[in-house]
Amino acid sequence: MLRFIVKRVLWMIPVLLGVTLLVFTISYFMPGDVVWNIVGSNASQEAHDAMVVRLGLDQPFFKQYWNYISGIITRFDFGTSYVYKHSVGQEILARLPYTLRLGFLGMLLSIIIGLSVGIISATKQYSFSDYSLTVISMFFASMPGFWFALMLILLFSVSLGWLPATGVATWKNWVLPVIASGITSCAVIMRMTRSSMLEVIRQDYIRTARSKGLKESTVIRKHALRNSLIPVITVIGMHFSIIMGGSVIIETIFNIPGMGMYLMAGINNRDYPIILGCVLVISFWTCLMNLLVDLCYAYIDPRIKAQYQNQGKPRRRKHSTEKEVA
Amino acid sequence: MKTRSTKVLALLIVLVLLFSMSACGGNNAGDKKSSVALRVGTSEPAGSMLVGAAEIKIPIALVFDYIFYADSGTGKMASDILEGWTFSDNGKSATLKLREDIVFSNGEKATGEDLLFSIASLAPGHERAYAGMGVDDSWDLAGAVLESDGYSVTVTVTEGYAAINCLEAFFEQQLLCKSWCEKTGWDSDLWFNGPVGSGPFEVAEFVTDNYYLLKARADWWMDEELDIGYDEIKITCYSELSTMYMDLENGDLDIALVIAANDYERAVSSGGKIKTELISGHAGQYMYLDIDDSPFSDINVRKAFAHGVDWAAVMTVGYENLWQPATSIVPSNYLYYKNVGNYEFDQEYAKQCLEAAGYGPGELTLEIYVCPGELENMAVSVQYYLNQIGINLVFYSYDFSTTQFNWLAGDGDMQLQSIPGGYPHHNPLRLCAGLIDGAMPNMISKTDTTTIDLYTKAVMATDESEVAEYIGDLQQHVYDSYRLIVTQEMVNAVAWNSEVVKELGIFNAKSTDLRFVVMA
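Protein chains in written order, with our numbering: chain B, 1 to 326; chain V, 1 to 520.
Bound-form chain B, shown alone:
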């Protein structure tokens, strides 16, 4: 198992290198000139050229890429923002907690509500509650997140005055952003849980469990749910990554100083160190989520765990001995 984990961690390195190379290449060859953004359109050509040299943008493509990558590997230096002049790495570290908090709490909400509602919907198939929950989940799954966020502010903040619209000071500031962030994932998890549970509930071993006289809640919790979790965990892992990358909208609307807004500022200003740093962090996070999802598979399904443990071990062919032949 440990070997499996180490192998996966090592595989992350070429993946991350590939991502940085791709983003760096796209940024490098994109039309436009970031230096005019920095010095302003009324600056002289001399000021523009001096800035190009100062930022090292006159160097060849591979030299610039090598400087960037070697800085990360040797000094954990993500570079300096062209516009803000601060260390990108430190700024990401300062902003990451906001984005992680939004992501984790959003997913927690999605999982709790999505799983519960999905189970209810599956166990009460074709009932009124099933139909109504299905409609509601489809509504939230297809609704644009930014619109829902604004509606939440309008209702709970402006009309009712119960919760603040922006800021991060108290727990109240986080209620609306977390709901807005998690609602789409919640609907998707609910749909996936429902369909996965419906498949499992029809299995023979569930019928056996019921016929043994177990309580329905025990049957669902101990037998059905665990076996239906594999696809649900896949969706949860995917959405965790989506929330990290898609937090820019929620952070913009609720004015949360997280990584999403930072990435947006970098894109608007063509501030390549910021773009590269944020993309690298998001990629790392996605790889980590994929690894955790795979580990969760192993935890839930012992067959998968055995598969991981046997990975890489040479298969021994059983040879018959002379004695046996004789």
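Calculated directly from the structure, the hints in this document are not laboratory data. Don't take each hint at face value.
[Said to hold, decoys possible] Quick list of simulated restraints, FRET-style, between CB atoms:
hint	chain 1	residue 1	chain 2	residue 2	range
1	V	Phe345	B	Leu160	41 to 51 Å
2	B	Asn268	V	Glu503	30 to 40 Å
3	V	Asn377	B	Ala169	44 to 54 Å
4	V	Asn106	B	Glu46	26 to 36 Å
5	V	Arg266	B	Asn268	22 to 32 Å
6	B	Ile69	V	Ser148	53 to 63 Å
7	B	Arg54	V	Leu11	50 to 60 Å
8	B	Glu46	V	Ser297	25 to 35 Å
9	V	Ala261	B	Asn268	13 to 23 Å
10	V	Gly373	B	Gln45	21 to 31 Å
Just so it is clear, the structure is predicted and the values come from calculations on it, not from any experiment. Heads up, the beta-carbon is just placed ideally off N, CA and C, and yes, glycines get one too.
Given the structure of chain B, go ahead and fit chain V onto it with the hints provided.
Structure of chain V alone, referenced to chain B:
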């Protein structure tokens, strides 16, 4: 046993994660009303407080003093840090005398060395110039000298200019603490979260692109002359205007320095504690034409373009009711403004001009690069009107950096930009200099000898009536020769909570100096 211990371990991990997330981050300083006396919202990003590197001026005006600023009553240049300024007999030099009682926030007294450093650092080629904001070459900044009294600095204009007209160059340039700047350098992030200035406030907290929290200095040297009605000010930067307005409605903001058109309408119609005002942007917006190249090198094509489009309708599409018609390249509240009128919407005349230029219907195609948003919408409207007179318009929508790049590379026949041409100066000389000499090509054409001649005479004049005459003639010439289409005078809608703020005291939308806010 093993299963139970695994479950316990998993639960512990989850609890630790939740605890760590609840403990990390968070801003405890500024959102509670009792600890922040004034809360201001702006759409500009929170960043550096070095003029030239900064996009946002609001905190600069509170942490630093400007060498000159615009008096909110008269619009003329004023200064809090200078005792006075004089000119030499030949009009070529200006001597600025610094007050002797100025103290920086690090406790150092300001002297002429600091003023000299502040001025000299604006010279092209100075290390600071990497920030892109040098002063134009009207001054010999590197040759500025400190007088024997230790507080006066004499600056000489370069050949051909009069000092009196070039003083504008120091408009909204900050007084810097020389020793701190030399120690810190121009690249430091202290310019964001802890600069040393002579203004009434200093930075207590800063979060990139989010907010500044400024606290009043106990040792401000102008304390007895100007009573600022608050001790703390939190300037929050919003990417989303609707959110800013909702915070104002909720009572979480006291002033919203820019609101969207629909929020303005809502505020006006609803009444209540939210008050609004349209304040002048003191700047114009221009449709730049590539008049050195075909087809706009032909005045008939320019006439067709100017008269063939209903510019009022186009502006309404882009800005709804938050714009004002322009009647000159110089905004109407500037010095030396002359009402030259605007181009009448007359499509029949436009068609005749197009024919005179030798183009039949559909034979002329123009290209324009625009930025997404309201400019793109306006381009669609312009396309509609041009189609009616037989001109095809192709437009490409890119981000600002790409549109700038393409325009500077010579692509596109024209460019409509929301960059104001006159900000933030009240004196049109700087505006005209920017229109003629800026890096952007072909604003009024650098080869147009009449424009350059009139401009040169204006800056060399030492009598104000002469300046007014030449600038007036320049405005008329640009209008008569269709060299530039001024689409609007920019306005901004500002809103505030009248239960907290009685008067804004703001000069214009860009030069927002919040020292003069009157609290309720």
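Hints, one by one, checked against the model:
no. : hint                              : verdict
1   : V:Phe345 <-> B:Leu160: 41 to 51 Å : holds (48 Å)
2   : B:Asn268 <-> V:Glu503: 30 to 40 Å : holds (34 Å)
3   : V:Asn377 <-> B:Ala169: 44 to 54 Å : violated (37 Å)
4   : V:Asn106 <-> B:Glu46: 26 to 36 Å  : holds (33 Å)
5   : V:Arg266 <-> B:Asn268: 22 to 32 Å : holds (28 Å)
6   : B:Ile69 <-> V:Ser148: 53 to 63 Å  : holds (57 Å)
7   : B:Arg54 <-> V:Leu11: 50 to 60 Å   : holds (53 Å)
8   : B:Glu46 <-> V:Ser297: 25 to 35 Å  : holds (29 Å)
9   : V:Ala261 <-> B:Asn268: 13 to 23 Å : holds (22 Å)
10  : V:Gly373 <-> B:Gln45: 21 to 31 Å  : holds (29 Å)
In summary, the one numbered hint that this structure violates is 3.
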